[in-house]
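Using the sequences and the hints given, assemble the complete structure.
Here the protein sequences line up with chains A and W, keeping their order.
Heads up, the working numbering is the position in the first sequence plus 3, with the first residue counted as 1.
Heads up, the working numbering is the position in the second sequence plus 49, with the first residue counted as 1.
Do not rely on the hints blindly, as some may be mistaken.
Here are some chain A residues the structure puts well away from chain W; computed CB gaps all over 10 Å [said to hold, decoys possible]:
#, residue
1, Arg46
2, Pro76
3, Phe81
Estimated spans, in silico, between C-beta atoms of each pair [unchecked claim]:
#, chain 1, residue 1, chain 2, residue 2, range
4, A, Phe60, W, Asp76, 19 to 29 Å
5, W, Val268, A, Asn67, 30 to 40 Å
6, W, Gly393, A, Pro44, 22 to 32 Å
7, W, His405, A, Arg79, 34 to 44 Å
8, W, Lys206, A, Glu71, 21 to 31 Å
9, A, Pro44, W, Phe319, 44 to 54 Å
10, A, Arg57, W, Lys188, 23 to 33 Å
11, W, Gln239, A, Thr78, 30 to 40 Å
Keep in mind that the hints were calculated from the coordinates and are not lab data.
Quantities reported herein were computed from a predicted structural model and do not represent experimental measurements.
Every residue, glycine too, gets a C-beta built ideally from N, C-alpha and C.
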Amino acid sequence: MTGCNDQYGGNGDWSSGYEQTGTNAITNNTYAPGYGYWHAPYRGWYPYPYNFYRPGFGYFHGGNYSDEPEASPITRSFPRFTSGGGGAHGGSWFGASHSGISRGGFGGSAHFGGS
Amino acid sequence: MNRIAISPRHDWQARVEKVGLTYHTPDGVKYWDESAYYQLSSAEVDVLEKAGNDLHMMCIEAAQEVIDQNLFARLGIPAAAVPYILKSWERDDFSLYGRFDFIYDGRNPPKMLEYNADTPTALVEAAVAQWYWLQDTNKNADQFNSIHEKLIAAWKKFGVTAPGKIHLGGVKDHLEDAQTVFYLEDTCVQAGLISKQVCIEDLGFDSRTQKFVDIDDEVVENYFKLYPWEWMWHEEFAVHLKLEACRFIEPMWKMLLANKGLLPVLWQKFPNHPNLLPAYFAKDELAQAQPAAKGSYVAKPKLSREGANVTIVQNGAQAASTTGDYGEEGFVYQAIAPMADFDGNHPVMGVWIVNHEACGLGIREDTGLITGNLSRFVPHLF
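Have a look at this one:
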């Protein structure tokens, strides 16, 4: 995520790599290769850091953009454990699912339909 | 070519809903409009068919140019995707369909506006709804429309080379996309293939087998995705695309054809072709090369959908524009096509390509200068 550092307005050490705190709670903006950034308030992995600023779009959090950075008190959270059918982002966590299956890794960019 | 005003069928809503066009009046705004139709001559249909076939082959040649000249960054294509686009290109991965948009008035040559080569919609209305409209209203007339038959034939061809179930899906909670997927699944089944739906959000990845799986954890070997490649390459599962564990339809090489950055490449490779409009990567280039344009052009994002983020500038002043979330990858600048005008309506001719062959027409019209997702679909005959 070269070039993101200056734009990041989050509240975790997202550049320090995968790190778990406590018993499987994941710190906001933890980065895991192949999975992305953990957005603790949304309990999911996303392609950009929490509150990543994208010109023309805004601040990214939980799969959406807003005009202002989000201020959430949740700095750590637990992944949802699912064995399939978890839907968008909720069931997505590397190696945590009982079945080894993660979901919700596509579909987060959807604005509307085809062309 | 004429636009003929007529009375709609008294039960038109029920008639089109019955064949899958349930999104005929989104948010109370008429989208399917059978209060008129376009009448073409068979010679005009031939012109559109030839333009579709010629342009499709030219786009493939232009895509080869992108590869040979390494223009991927110019088109805003992520570097991570390039090796896999190249492999998809070399394998000649199966392509189902696409839709050209042309400006055409029946007198001047059709001019290509763009090629919706990855996730084209307006399919149910073009392939099915207008065909049944023709049977109800003008049974003895013909229509440029063998889309349905060609889709079935294309699936049969795919089934021979790629055994296994076909999964299909788009985004959740989008009526038009859902109906498009339902329709394509129907053509798939009619081709004798086994199908199953899984929405793009529900597509799973099994870290043990390194395979994509559906909602029942069944391996997805072939996946028709009504979801753009450029979004997929920016999402969490993009890393799994590198495993090439699934045949995607449309294939990855279609990223080259669906990108509006191909328009300047086409113009450079086929200058002054009658079906092309001058197009450049920079508006200064356009002004320099086309002084007659006199500060008039259309700015289009390299990656965009439904006419979003398009700006029309005439004589240096903004004449029309649309909003949207696109443009991050940059814009291309295309000369303005003289708009066809039928009683104040500006039609855009959508020529469908199935399995590399032009096979149908869907016409959308607007009173504004930019065709967007609320432009009306009007049936045609010849």
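Hints and how they fare:
No Cβ of chain W comes within 10 Å of the Cβ of A/Arg46; the nearest lies about 14 Å off, and the non-interface call holds. The Cβ of A/Pro76 sits about 25 Å from the closest Cβ of chain W, beyond the 10 Å cut-off, so the non-interface label holds. Listed as a non-interface residue, A/Phe81 keeps its Cβ farther than 10 Å from every Cβ of chain W; the least gap is roughly 18 Å. Against the hinted window of 19 to 29 Å, the Cβ-Cβ separation of A/Phe60 and W/Asp76 comes to about 24 Å, which satisfies the hint.
Between W/Val268 and A/Asn67, the C-beta spacing of about 31 Å keeps the proposed range 30 to 40 Å intact. For W/Gly393 paired with A/Pro44, a C-beta distance near 51 Å fails the hint of 22 to 32 Å. About 53 Å separates the C-beta atoms of W/His405 and A/Arg79, a value inconsistent with the hinted range of 34 to 44 Å. Under the hint 21 to 31 Å, the C-beta atoms of W/Lys206 and A/Glu71, about 52 Å apart, miss the expected range.
Hint check: A/Pro44 to W/Phe319, Cβ distance near 52 Å, so the stated range 44 to 54 Å holds. Taking 23 to 33 Å as the suggested C-beta distance range, the pair A/Arg57 and W/Lys188 does not conform, at roughly 54 Å. As the Cβ distance of W/Gln239 to A/Thr78 is approximately 54 Å, the hint placing it in 30 to 40 Å is violated.
The structure does not agree with the numbered hints 6, 7, 8, 10, 11 stated previously, though it agrees with the rest.
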